[in-house]
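The lines below spell out each chain.
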Amino acid sequence: MELTEQDRNDFRAEVRLWFKENTPEDPGFVLPQTFMEVGTDQQFEFLRNWQRKVYEAGYLGMAWPVEYGGGGKPQVLQDIVTEEMIRAKTPLIMNTIGLNWAGPLILAKGSEAQKKAYIKNILTAEDIWCQGFSEPDNGSDLGNAQLKAERDGDEYVLNGSKIWTTHGSYAKYMILLARTNPQANNKYEGLSFFLSPMQVEGIKTVPIKKLTGEYGFTQTFFDDARIPADCIMGSEGEGWKMAMLTLTFERGAAGGQAGGVAILYASVQEVVDMAKKVQRNGRPAVEDPVLRDQLVRLLMDEKALSLGGIRAGMAPLDSERPLALPLSEKLQGSELQRRLADVAVQLQGANMAYYMGDSEAAENGRWQRSYFNAFSATIGGGTSQIQKNIIGERVLGLPKA
Amino acid sequence: MELTEQDRNDFRAEVRLWFKENTPEDPGFVLPQTFMEVGTDQQFEFLRNWQRKVYEAGYLGMAWPVEYGGGGKPQVLQDIVTEEMIRAKTPLIMNTIGLNWAGPLILAKGSEAQKKAYIKNILTAEDIWCQGFSEPDNGSDLGNAQLKAERDGDEYVLNGSKIWTTHGSYAKYMILLARTNPQANNKYEGLSFFLSPMQVEGIKTVPIKKLTGEYGFTQTFFDDARIPADCIMGSEGEGWKMAMLTLTFERGAAGGQAGGVAILYASVQEVVDMAKKVQRNGRPAVEDPVLRDQLVRLLMDEKALSLGGIRAGMAPLDSERPLALPLSEKLQGSELQRRLADVAVQLQGANMAYYMGDSEAAENGRWQRSYFNAFSATIGGGTSQIQKNIIGERVLGLPKA
Amino acid sequence: MLNVKTERTINFSDEQEQLLEIATNFCREKSEIAQVRSLLNDEKGFAPQIWLEMAELGWMGVAIPEEFGGSGLGLGEVVALVEPMGRALFTSPFITTTLAAQALLAGGTQSQQARWLPRICKGAVLSLALSELHGDWDLSNLTATALEKNGQLELSGTKTFVSYAPDAQALIVSVSLNGAPALVLVDAEALPEGALVRETNVDETQRTYRVVLDGLRVPSDALLNSGDIVPVLNQIHLAANLLSAAELSGGIGGVLEYTLDYLRTRKQFDRLIGSYQSLKHTMTDILLGYEATRSHLYYAAGCFGADAEGEIALRMAKAQASETLAYAADRAIQFHGGFGFTYDCDAQLYRRRAIWGASFHGDAPFHRQKLGDLLL
Amino acid sequence: MLNVKTERTINFSDEQEQLLEIATNFCREKSEIAQVRSLLNDEKGFAPQIWLEMAELGWMGVAIPEEFGGSGLGLGEVVALVEPMGRALFTSPFITTTLAAQALLAGGTQSQQARWLPRICKGAVLSLALSELHGDWDLSNLTATALEKNGQLELSGTKTFVSYAPDAQALIVSVSLNGAPALVLVDAEALPEGALVRETNVDETQRTYRVVLDGLRVPSDALLNSGDIVPVLNQIHLAANLLSAAELSGGIGGVLEYTLDYLRTRKQFDRLIGSYQSLKHTMTDILLGYEATRSHLYYAAGCFGADAEGEIALRMAKAQASETLAYAADRAIQFHGGFGFTYDCDAQLYRRRAIWGASFHGDAPFHRQKLGDLLL
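Residue numbers (the working numbering), protein chains in the order written: chain A, 1 to 401; chain B, 1 to 401; chain C, 1 to 376; chain D, 1 to 376.
Keep in mind that a hint or two might mislead.
Computed footprint of chain C on chain A; a stretch qualifies when at least three of its residues, placed anywhere within it, have a C-beta under 8 Å from a C-beta of chain C [stated by the list, open to error]:
| # | segment |
| --- | --- |
| 1 | 194-204 |
| 2 | 350-361 |
Below, in silico cross-link-like pairs of lysine-lysine (DSS-like), each with a Cα-Cα straight-line distance of 27 Å or less [stated by the list, open to error]:
| # | chain 1 | residue 1 | chain 2 | residue 2 |
| --- | --- | --- | --- | --- |
| 3 | B | LYS241 | B | LYS148 |
| 4 | B | LYS400 | A | LYS187 |
| 5 | A | LYS209 | C | LYS267 |
Just so you know, these hints were derived from the structure itself, not from any lab.
We treat Cβ as the ideally placed atom computed from N, Cα and C, and that holds for glycine.
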């Protein structure tokens, strides 16, 4: 199905209208800025309902196959929806691990039975998915995962612990990286990949309090938990391959995601707008020349990042190091969010010490919270330090240490 | 000899007067800012004469033993002289490698014959000394020095090359690190240390053009050059120990230097003074708020460095990490010089492109040249990157890679 | 200028040395991290029995003349107490009480001094109510007012960031009176019901309050000396920044050591993470910032009150301390990886402290701007 | 905003693509580093025969309308030529001639255009004389003057940084005439003896001259259009910064690759130095700055002339390019160690270029200040 410019414009108009009419009003409690920040049942129920509504309107999983509950339409339409969601400042779509990581994986590598069993309920938010990759002693070093999965008849017996489990306490399933063969030739070959149920005896989730004071992650403990053997993805020993493929979906390096906005990025313009309202040293912060210099730097970096997304697709301007832009987007985007929140806090001057919950906090303390939350992205999914190693080695060809 | 405050003040007054009366006028050609920058015979002769004059006035080697030509006086008097030289903005004292590195080493470890032979002529600048540590393939990694010294009867035969030889073409002697035993247990034990003559057949110096366009260093080539065996310092295999001791003198981590100003550091105040005179965007540069912020940062860093020198001696404020201040002085001092020269260039606005030799260059292009020359200190004597490793490991106790 | 002794040197007195040592041991003992964390949810936010121990040690009187029961030393000595407190995240009304005492010394009437200074030495908490919602660090910018009426002063307006207000026996409140700044000493008992509103401070070790002055009446003799009060406000501003710099400096020392402990023991990819150069070099940068902070701080402590030089020194100390702690704690969160993202990791405590410290009487860009005016 | 397509996108034309490829190959071939270095001491500073080849390729006419013998494309296409030149440190009077042509298009009389534009297409060098000793980047700040007398203009004052002046057949000179800015087209033959003084430019690949105007007389019709010339000056300012950004962007690419080559092959302490994280991460930062520069640059190239958006884009490009090249080349010197300190190491060539580029119509802080006025 080839879409004309006119088709796309018509569709955009339709979508824009729908979100205008259907975007929920402020629910009266703080909503998460990212899917990782769902910390209360109230937030969870609200966002689950919102996802279902968007799905039912036909605006989620638009490019996924019809037979599993998708829309069977071109990806470009889903992209238009995503853009319009951002424009409309809608709440985020929460079941991200299902929609954008596990779902594409299952569609790419899963059995027919698995596709039938899981895909539609991911879209409706009936089934929440979580991810079990990181472990307490192996935060960055996924290949070193130690959670044991021992085959026992038609089951695997799980023992160990996973950490930073987003939606852990709401999830019905977990994409799980576990060690099935501790004697393998190397650490990677000993790993297998499971679509593990969570409501199983011996699996317990404990909420982790974040540095913001809120919740959103759990630690998940596995104590002789038994799961069906057929929930393995691929075969034993293919866990690392599956995990790496999952990461390419997670990092957006491969397509196939169901869509929906998972993270409401702050824009520099929002900081600028606040700088015009907030006083610093008895005058509007935006009049401070040193701060202006900082704000312009942020605007430049944001613009470059946005333009980089466009340029990445333009071969003649991208041929020298085609991986440079895709591999640096996560690093630059996450660091920009941290820096802009930091500046947004500082520009509040004497009132920067007000936190969420204080009636006098500028913009309800949003920026203080954003600053702290920003570390989830500079640490999670490979720290910024690791990202720089990757770019230095894979893009610049510098030798490993 | 215990000196009273009054004694010191009287001496300072005497010295101040002497330098006021004897500091030479502008010779009409550019003088070096550091002992490493002596690039023309004209500069060399001028500075050699100046050193001799200061020595003859009794203001150099004041604390060295009388029997070898020193003054036999307390070190504090020499320190006062150094301070007054800086205050009087005199030319620098050039024979630094002799006065502050080789001289202290010979006094500490040399034979009586060596002391008699070398010390006085170091002070008078009759004998210029140079250093042969770095090699083309081992700039930072001194322990890996490969220049060969093979014993042959009463001589050693030298083959190989040294680089970054300051005063190479003027020097009568070189402190030389050479490999006498390539089969030693480890690379360090194979090294020996020589007070090598330079006017020997088979030793050739070739000037190196610096990035400023000037000269000051040479590469020194050794081609079957024969030197007397008794010019070794210590015994064979003690080279690394001697080199390390030399570096403690070089870095000022141990006392015993003859004194004299080797490097005319630029002060931030000089940059500030220029910022008041120079126009940028049609108004005095010092009125630019972003630049003011940078200048204040530089002033703070300079002040902290100066205060750190004082605090380093104050046990109660220095007991937690006593090596922190001494080990960081070189790093911070050299990086500050680079940064302040960089700012000094930038603040010149459209005219920053004028270089030395242009009649319209601000302050004769001094800052452009200083900026480039500043790298000699951020690279030489252990790069800034190596300095940070040393501090991280030796002061903070972080593990080696 | 490099390598040249400055004319003025760091004056570090025997008393400072002793106080530094005593306070270091005291805080290590009384303010273990478990204690700090247990106070986060405590309404008072500090331990009254420890406060009384401090009074017995004479700490509140260090910078109060002997005639009022103090030791007659200066704020430079107080710095040596506050730095270890900052390091241990030890919190109490010490800073605000000390500053209130300094305000009374600088601008109080004889009877105010005679009444309050001895009590402070014995452990009375006093607090300062100087900030307002407009957030201007210039303490002369006042919208709260006092009106003289029938021999009384009627106050109105709102003050912000009043530390430990419910525990204070009196507040020193800045207001505009007849168009000029004035300071009023308000007895706690005079505060109307509901005048104190607890603030949500990003630094959960702190207890700060908004004070609503509307309806508050005090006798006319509650005014501090009626001369020009601006110099007194300036002196409080400078003293507050000196002590804040000390507290932040201690915080840098604390978070530096806390992070180093982790980097020396945590492995990833089979290597101790402290062996990675990008972490090692950053920690070195933080160390250098810490050393610079301490040099500025103890220089400032030694020349506090010495006109321009003293002001320059303490503004440098505050700017350096504030920026270094923010950076050190930001990197501490990052370098702790996933654990750094949790409430259980202490890195966040220091990062929050850095925000509070920056907000308190001026952050680094503010002080650099003032330094520009003084130096350029 | 992150992850959202902006309404405007990067317009990269087929012509740009072709020119980029042709110029890349041309510069690689004609401007090997040995050639660059041999020109450092050459009086002209460029190779006339290569200049003629460029004319034959039609490069000087790329942004000149077809009616004057050009290709009728725009400055966006010229960007694709200049970036490879910057990368190869290839120098010639191309930028100044192109800008002079743009000035004539924007403000020249019909007869001036008819006389000079075809010649430029064929290889005539023209140069701009706009800067003055006061160093203000505001081109309307003029102390050089012209006086109308007997149907002639008498010029006086001094212009600075006039590129390749001895090779120019004409100069476009800015002066103050009756208190307002004016541009005068000066035929090279009219210049008095000694009017050109070679400057010592920190970038030794450049040839710049001071032009002493005193005693220079030109006919009245040497004036460019007598209307308000300020918009023309502004347009030159913007065009100059666009081309400068392109040249600097190329320089970043060049010095990045030059340094990477060293880091991939040089060993110290038995390790390839590029494996050290402090170097690896710095090089990554430089790469990211380079990518940002190119994104800004080609966006700016595509929307040059589009009012505020075009101006914003090119100021961002220039600010980013200028600061990134300075940083990249500074680190290049450092990371080359002892060799970096020599004249033989190419790092210094790029560092000098960065200074020249920053001085040329505005450095990064200048453009950020302008952007602040446009965006905040």
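Here is what the structure says about each hint:
1. 194-204: Answer violated; 0 residues pass the 8 Å Cβ test.
2. 350-361: Per the Cβ count (11), the hint holds.
3. B/LYS241 to B/LYS148: holds, 18 Å
4. B/LYS400 to A/LYS187: Holds. B/LYS400 to A/LYS187 sits at ~25 Å (cutoff 27 Å).
5. A/LYS209 to C/LYS267: Holds: A/LYS209 and C/LYS267 sit about 23 Å apart, inside 27 Å.
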